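From first to last, the protein sequence lines stand for chains A and B.
7 is the number of the first residue of the first sequence in our numbering; add one for each residue after it.
90 is the number of the first residue of the second sequence in our numbering; add one for each residue after it.
Honestly, the hints are just simulated from the structure, not real lab data.
As the structure is a computational prediction, the values presented were derived from the model and not from experiment.
Don't be surprised by glycine CBs; every beta carbon is placed ideally from N, CA and C.
Among the clues, some could well be false.
[As the list claims (entries may be wrong)] Derived CB-CB ranges, DEER-like:
| # | chain 1 | residue 1 | chain 2 | residue 2 | range |
| --- | --- | --- | --- | --- | --- |
| 1 | B | Asn151 | A | Ser50 | 29 to 39 Å |
| 2 | B | His116 | A | Ser118 | 36 to 46 Å |
| 3 | B | Asn99 | A | Glu78 | 20 to 30 Å |
| 4 | B | Arg110 | A | Glu141 | 32 to 42 Å |
| 5 | B | Glu103 | A | Ser54 | 21 to 31 Å |
| 6 | B | His116 | A | Glu134 | 25 to 35 Å |
[Said to hold, decoys possible] Computed cross-link-like contacts, BS3-like style, restricted to lysine-lysine with a CA-CA straight-line distance of at most 27 Å:
| # | chain 1 | residue 1 | chain 2 | residue 2 |
| --- | --- | --- | --- | --- |
| 7 | A | Lys90 | A | Lys45 |
| 8 | B | Lys141 | B | Lys203 |
| 9 | A | Lys136 | B | Lys210 |
| 10 | A | Lys90 | A | Lys123 |
| 11 | B | Lys203 | A | Lys136 |
| 12 | A | Lys123 | A | Lys136 |
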Amino acid sequence: MKLELFNTFRDTAQENGVIFYYTGAFSQNVVAAIGDSLKQRLDSVNTSSAARRKVFSTFVEMAQNILHYAPEIAENDGAGAPAKYGALAVGRNGDEKFFVVCGNPVRMEDVSRLHEKLEPLRQMSIDEIKTAYREQLRNEDHANDAVSKGAGLGFLTMARDATEPIEYSIAFASEADGGRADLYLRATI
Amino acid sequence: MEDLHIPASNETPEIRFEFSRHCLSMHGESYPENAMSFYGPIRSSLQNYLEKLPTDGKVEVNIGLRYFNSSSTKLIRALIGMLDRSAESGPSISVDWLHDADDDMMLEFGSDLKEEHRSLKFNTVVAEPA
Numbered sequence: 007m008k009l010e011l012f013n014t015f016r017d018t019a020q021e022n023g024v025i026f027y028y029t030g031a032f033s034q035n036v037v038a039a040i041g042d043s044l045k046q047r048l049d050s051v052n053t054s055s056a057a058r059r060k061v062f063s064t065f066v067e068m069a070q071n072i073l074h075y076a077p078e079i080a081e082n083d084g085a086g087a088p089a090k091y092g093a094l095a096v097g098r099n100g101d102e103k104f105f106v107v108c109g110n111p112v113r114m115e116d117v118s119r120l121h122e123k124l125e126p127l128r129q130m131s132i133d134e135i136k137t138a139y140r141e142q143l144r145n146e147d148h149a150n151d152a153v154s155k156g157a158g159l160g161f162l163t164m165a166r167d168a169t170e171p172i173e174y175s176i177a178f179a180s181e182a183d184g185g186r187a188d189l190y191l192r193a194t195i
Numbered sequence: 090m091e092d093l094h095i096p097a098s099n100e101t102p103e104i105r106f107e108f109s110r111h112c113l114s115m116h117g118e119s120y121p122e123n124a125m126s127f128y129g130p131i132r133s134s135l136q137n138y139l140e141k142l143p144t145d146g147k148v149e150v151n152i153g154l155r156y157f158n159s160s161s162t163k164l165i166r167a168l169i170g171m172l173d174r175s176a177e178s179g180p181s182i183s184v185d186w187l188h189d190a191d192d193d194m195m196l197e198f199g200s201d202l203k204e205e206h207r208s209l210k211f212n213t214v215v216a217e218p219a
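Next comes chain A alone, as it looks inside the complex (with noise of 0.2 Å):
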């Protein structure tokens, strides 16, 4: 990367108030490390710890679901370890309302299953999400779920510590890349 171009790649982010940024493989080590610095930065921030709680919370939750989600992808063409990729960000627009955002590869066949979690919440009043919240904990079924590890909560707590709808995208790569989706979340805190 040319030194001109890190240098507006670092305005760009600092314009759009990003805190915090990573891309690459995420594994459980790499978790806890971006944790850390991202508690020790959001300690910086003037906010209510509330909210320190909140985005940290959603931080978790996201980069959970990508160690949890992700499938496994060898990256140079299969001459590296096969790994789980993401990409993360957490920021702040102004002095107002923090946003965290993510982007990682979905397998397929839990595309369908993610439009049906994601779809509902995007309607649900803040009431309304506390209440589905409620009947998901309570709810014992779960252990019939094979896929979801986060207790089905997952969605519904970001969705819960979250101030406006969760956004979300789902992207379909080309044919070529093995019919893989990419997921792409959206939470403003």
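Following the hints, put chain B in place on chain A, whose structure we already have.
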């Protein structure tokens, strides 16, 4: 039975179950990637303790979790459920649920737990700033 002490880690809370004094506490943050492997053993040791608890026993529980992730949520609630079932059969079990003064969600979570577990003396308490 032997007390259970697990020091806090980055992703898991400090567990201090002083069974000998009937004082149980959990403090910190809980977001392990595999919540079941952390809470499973805690659950078994609490179960052992509660089974031997006399009906006139008195237990004090103090829970101050600043943050927990979605996969820890049901497991934390399950611990409260175990205490509640035990309290139904006689022992007096009080639970203090600490939350940050401005964290409405943590207060609501505590209030919901209180609502659901009527055999416990359940209090939501504002935590002192760290």
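Q: Indicate whether the distance between the beta carbons of histidine 116 of chain B and serine 118 of chain A respects the range 36 to 46 Å.
A: 42 Å Cβ-Cβ, so the 36 to 46 Å window holds.
Q) Are arginine 110 of chain B and glutamate 141 of chain A spaced within 32 to 42 Å by their CB atoms? A) Because 38 Å falls inside the window, the suggested range holds.
Q. Taking 27 Å as the top limit, are the C-alpha atoms of lysine 203 of chain B and lysine 136 of chain A close enough?
A. holds, 16 Å
Q) Okay, glutamate 103 of chain B versus serine 54 of chain A on CB: inside 21 to 31 Å? A) The hint (21 to 31 Å, Cβ to Cβ) holds, given that glutamate 103 of chain B and serine 54 of chain A are roughly 25 Å apart.
Q: Take the C-beta atom of asparagine 99 of chain B and the C-beta atom of glutamate 78 of chain A, compute their distance, and say whether it sits inside 20 to 30 Å.
A: Given about 25 Å between the Cβ atoms, the range holds.
Q) Within 27 Å, alpha carbon to alpha carbon, are lysine 90 of chain A and lysine 123 of chain A? A) holds, 22 Å
Q: For the pair supplied as a hint, lysine 90 of chain A and lysine 45 of chain A, confirm whether the alpha-carbon distance does not exceed 27 Å.
A: holds, 23 Å
Q.
Does the beta carbon distance between asparagine 151 of chain B and serine 50 of chain A stay inside 29 to 39 Å, or does it fall outside?
A. Holds, at about 30 Å.
Q) Going straight from one Cα to the other, do lysine 141 of chain B and lysine 203 of chain B come out at no more than 27 Å? A) holds, 24 Å
**Q.** Pairwise hint evaluation, lysine 210 of chain B against lysine 136 of chain A, where the allowed Cα distance is 27 Å at most
**A.** This hinted pair holds, its Cα atoms lying about 24 Å apart.
Q) When you check the alpha-carbon spacing of lysine 123 of chain A and lysine 136 of chain A, does it fall within 27 Å? A) holds, 15 Å
Q: Just tell me: holds or violated, for the beta carbon distance of histidine 116 of chain B and glutamate 134 of chain A against 25 to 35 Å?
A: With Cβ atoms ~33 Å apart, the hint holds.
Hint check: no violations occur; every hint is consistent with the structure.
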